[in-house]
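Trainee: Generate coordinates for the entire structure from the input sequences, incorporating the hints supplied.
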Amino acid sequence: MHQLSPFTCRRLSQLPRLTSVWECDRRPLMATGHKGSTLESGSAEMAQGDCIIWADGLQGIVRGLSVVPQDTGNEAIVRTLLQAIEAPQGGVEPARPRKVVVRDREIQFFLRGALQDLDIPVEHAPTLPTIDDVFEQLQTSKAPEAELPEAFEATLLEKAALLWQAAPWRYLSEQEILAIELNCWELDTLYLSILGIAGMEYGLLFYRDLDSLQQFRHKLLNSQEFSDGMQQAFLEQNCLFINFNPTEESKIIALSSARGLSAAEPAKGDPLTAVGYEFGSLHPLEGLRSQLAAEEAASLIVVLEALHRFCKKHDLGAEDFALKPISSRFRIANPEALNRTEKKTSAANKKRSSDKITVKISTVPDVSAAFLEETLETSPPPNLAPLIDDSVPDGSLIMLGSHSEAKLVPLRQHPRIYYQGLMDESIKRPGPKANWPVLTIQTTRPKARTLLNRIQSEGGIQSICFNSGSDPISGQVFKIGILQTVQGYLHLFNEYEIDNPTDSRSLEKWEQGRAKNGSCCGLIIATGATGLQRGRPTLKEVIAFFEMLAQHPEDLGLTPLIMSYLPE
834 MHQLSPFTCR RLSQLPRLTS VWECDRRPLM ATGHKGSTLE SGSAEMAQGD
884 CIIWADGLQG IVRGLSVVPQ DTGNEAIVRT LLQAIEAPQG GVEPARPRKV
934 VVRDREIQFF LRGALQDLDI PVEHAPTLPT IDDVFEQLQT SKAPEAELPE
984 AFEATLLEKA ALLWQAAPWR YLSEQEILAI ELNCWELDTL YLSILGIAGM
1034 EYGLLFYRDL DSLQQFRHKL LNSQEFSDGM QQAFLEQNCL FINFNPTEES
1084 KIIALSSARG LSAAEPAKGD PLTAVGYEFG SLHPLEGLRS QLAAEEAASL
1134 IVVLEALHRF CKKHDLGAED FALKPISSRF RIANPEALNR TEKKTSAANK
1184 KRSSDKITVK ISTVPDVSAA FLEETLETSP PPNLAPLIDD SVPDGSLIML
1234 GSHSEAKLVP LRQHPRIYYQ GLMDESIKRP GPKANWPVLT IQTTRPKART
1284 LLNRIQSEGG IQSICFNSGS DPISGQVFKI GILQTVQGYL HLFNEYEIDN
1334 PTDSRSLEKW EQGRAKNGSC CGLIIATGAT GLQRGRPTLK EVIAFFEMLA
1384 QHPEDLGLTP LIMSYLPE
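Per the working numbering, residue 834 is the first one in the sequence shown, and the count goes up by one each step.
Check each hint, because a few of them may be wrong.
Pairwise CB distance ranges (calculated) [claimed, not checked]:
# : residue 1 : residue 2 : range
1 : I1231     : R843      : 19 to 25 angstroms
2 : A1348     : E926      : 50 to 56 angstroms
3 : G1292     : E1206     : 34 to 40 angstroms
If you're looking for bench data, these hints aren't it; they were derived computationally from the structure.
Small disclaimer: the values here were computed from a predicted structure and weren't measured.
C-beta: ideal position from N, C-alpha, C; glycine also.
Mentor: This is the structure we're talking about:
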């Protein structure tokens, strides 16, 4: 069973302990009338979710709440508890409970193991009156703002800026791993995965153990659906992370360097202002945390300085660099020693507070080779066309809907409307009473013509699919709508967020229609996006109608993607 990190236990132990007893329960979301929930009443998504509640029995308030998929593990209960302790809703102060009470025996046993280092007793009761009373009047919890320890903030930002300028993602992919032996602040070896070689997301993921990295990568590459299961897999990672958010100017420079289009050069201007930095932690029991403990900030300062020296000492661009045994040791100034006050250092902290810390950074050839091989095995064929994201004009309305056969007949017969029928004549066409799933793209007349001309130049539309995608930093999961032309080009037309009820419902209805219609679907290109018929184009606004087949991503050679767009 996972345990809370020592940093978290020390941080929580400094909060006051209340005399009140907290109640906890996990209930199907359908049973709630949850106000403020992002799920609408009566939607299919409601039946698939659980609501986790932590309530203060003495004050009669909800301190923590989260909505999770039904197959999410009980780790989510601990994550919600930590929110209830450190960032409670309802306007109350952070605090710990005297004890907690649950009505589910499985939850009781799980919490006893997970909370053993917090000295919080976990008891069982057949009923939970406070939760029963307030279940219909819950408020959504507010996520805490990102925060860095004041004593280390300036230095940590400075070290992060050095790594942004060093840009290790120009040379190492996320599959090529470095091991960083720290042996300090209760961190032994961190395993670094670098994001950014694709030029979309830039980040450094410092995994606290190799198993966490291996498990997440395996799920990432082998999952067919980036939905509830991948959300859970994301939260089960065990790592510290830094996410770099460059301005457009600095991002262009970084992207050009990553693609080998120009010599490497730092972002113009002050790197502390040209790039935004996000620091945080992921832990199976703590979830995503945007605050860093002082020890975590200090450890990142040391690790980043050592990593910067490693990048300067070695030629990361050498052929198969990560697949060769390479290592270096560095003596790094201890930031705690630099910020040490006149107070006497306790015996427990003497080791941590030495003036210098030895850090060893090494390649991990066996791990990198295995990751690279696994990625190649699950990657699309090398001749697969890149994903094009600028085909659909900005400002277009993109609608998934259903049209009866009777409404589509005029589109096929009108002499002004460009019409493409199903390209495979062997496909059995739906009957006269069929309803076709139809994607409608409505834009202005000039842009609609440009889009139509581009599709015609590529031989027309052959198929449509919805592929899975994810953001490994934020944990967001989504479906990517893709149109495939006859020449094999893949055009992205929209992204649909899995946890958005409107998007989820649209995709569900589309899938139902596709199944009933023998995978036959349609695409309408229409004008009038700025006129009276905005959102409801008539025959007058339609300029093109395409018939096509809906296919699965694997039919097009696609695997679940971490989105990456090619520069123009």
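Trainee: Run every hint past the structure and note whether it holds.
Mentor: Here is how each hint holds up against the structure:
Look at I1231 against R843: about 49 angstroms separates their beta carbons, and that is not inside 19 to 25 angstroms. For A1348 and E926, the hinted distance range of 50 to 56 angstroms is satisfied, since their beta carbons lie about 53 angstroms from each other. As the Cβ distance of G1292 to E1206 is approximately 36 angstroms, the hint placing it in 34 to 40 angstroms holds.
This entry does not satisfy hint 1, going by the numbered hints stated previously; all others are met.
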